[in-house]
Amino acid sequence: MSQDSNMKAARPGWHHIRLDSPFLEGQAAFVLLSVLFIAANAVFLPNPNLVSVAVLVQLLLFSGLSLLFALVAHTAVNFARTRSVAGAVDHSVKVLLSTDNLARAIPTILLVGVFMFTFPSFKSHIPDFNPFVWDAALAEFDRILHFGHSPWELLASVTGYGAFTAKIDQIYYLWFPIVFTATAAVALIPGHNDWRHRYLLSFILAWIVIGCILAVGYSSVGPIFYDRLYGGTSEFTALVAQLEAVNILSPLHTLDVRDRLWQAYSSPTNQIISGISAMPSMHNAIAVLLFLAARHGEAILKWMAGAFAAVIFIGSIHLGWHYASDGYVSAIAIIAIWKFTGWHVKRNAHPL
Numbered sequence: 001m002s003q004d005s006n007m008k009a010a011r012p013g014w015h016h017i018r019l020d021s022p023f024l025e026g027q028a029a030f031v032l033l034s035v036l037f038i039a040a041n042a043v044f045l046p047n048p049n050l051v052s053v054a055v056l057v058q059l060l061l062f063s064g065l066s067l068l069f070a071l072v073a074h075t076a077v078n079f080a081r082t083r084s085v086a087g088a089v090d091h092s093v094k095v096l097l098s099t100d101n102l103a104r105a106i107p108t109i110l111l112v113g114v115f116m117f118t119f120p121s122f123k124s125h126i127p128d129f130n131p132f133v134w135d136a137a138l139a140e141f142d143r144i145l146h147f148g149h150s151p152w153e154l155l156a157s158v159t160g161y162g163a164f165t166a167k168i169d170q171i172y173y174l175w176f177p178i179v180f181t182a183t184a185a186v187a188l189i190p191g192h193n194d195w196r197h198r199y200l201l202s203f204i205l206a207w208i209v210i211g212c213i214l215a216v217g218y219s220s221v222g223p224i225f226y227d228r229l230y231g232g233t234s235e236f237t238a239l240v241a242q243l244e245a246v247n248i249l250s251p252l253h254t255l256d257v258r259d260r261l262w263q264a265y266s267s268p269t270n271q272i273i274s275g276i277s278a279m280p281s282m283h284n285a286i287a288v289l290l291f292l293a294a295r296h297g298e299a300i301l302k303w304m305a306g307a308f309a310a311v312i313f314i315g316s317i318h319l320g321w322h323y324a325s326d327g328y329v330s331a332i333a334i335i336a337i338w339k340f341t342g343w344h345v346k347r348n349a350h351p352l
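Heads up, the sequence shown is in this note's numbering, so the first residue is 1 and it goes up one at a time.
Treat the hints as calculated values from the structure; they're not laboratory data.
A hint or two may mislead.
As the list claims (entries may be wrong) - Subject to a maximum C-alpha distance of 25 Å in a straight line, what follows is the list of computed DSS-like cross-link-like pairs (lysine-lysine):
| # | residue 1 | residue 2 |
| --- | --- | --- |
| 1 | K339 | K302 |
| 2 | K302 | K346 |
| 3 | K302 | K167 |
Let the hints inform the model, and build the full structure from the sequences given.
Here you go:
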């Protein structure tokens, strides 16, 4: 065998090559997809409001708080394992806050932050790519799946609209700090960790595949905007009336967010908080992703993540943001993504 042949035989595949940067090594696919998405949005769907001092301050604050909460969460979990405050704090200081670990974790958290600040720019353009035409079909599909009833009516027959509505409205918007604290906590996991890369890659693929591709294909506004978009009354007129009645006694975040999103939709001004999309549900998709990931960790985290996913699903219907089928489709899609990333990471695994 020639020397050239020996060199070719000894040359490792691209996925076994160790990258010098702690930020890239072991999570290159996640970084590549994130950067490509951000760059494509900057070129084809530029939002001048994203390039401002105010947004930079928000990004740094968002990332810093995520890192802080994630560090507290790690310390709490280590304390639960060891029952030693000193041991848990020592691990956080020496391992989690080590130079090598922060050299990967901080850029990862910042990249997730930039991605999430960029995503609404794409979301606000969904009706430009494909007009909102799927709502009637999705509402009918929901009735077929639920034996002739709208899911929100079935829920209302059990929960009613009142104190339950006010409480689930508060919990529903905890989705943002919970999801981003959890993602930052994953980014803080030290060393080369294939599970960390699987979660981060699944997280980014969820937003691209579910939040972009499927959202454009099934362009829809959801029950809370149904009458505003199509005019007249519908089976969701009573749902909105119930929410507005509760809002008089206990102001709901839902109606405030609804009005802000509708204003951004009807008078496009490149706002940061913008974009309407019902099918599939990213709230449900990421909540299910947390559950899928938590199954590989502490038992208590699995149960907490499962309960969180259930509450988000119920809230998405009760508050009028989604059809039940939005949640079903997003759950199926994120499970498929999780299976794919598991195969990808296992195929390209490095010895730990």
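Hints breached by this structure: Nothing - there is no hint that the structure violates, so all of them hold.
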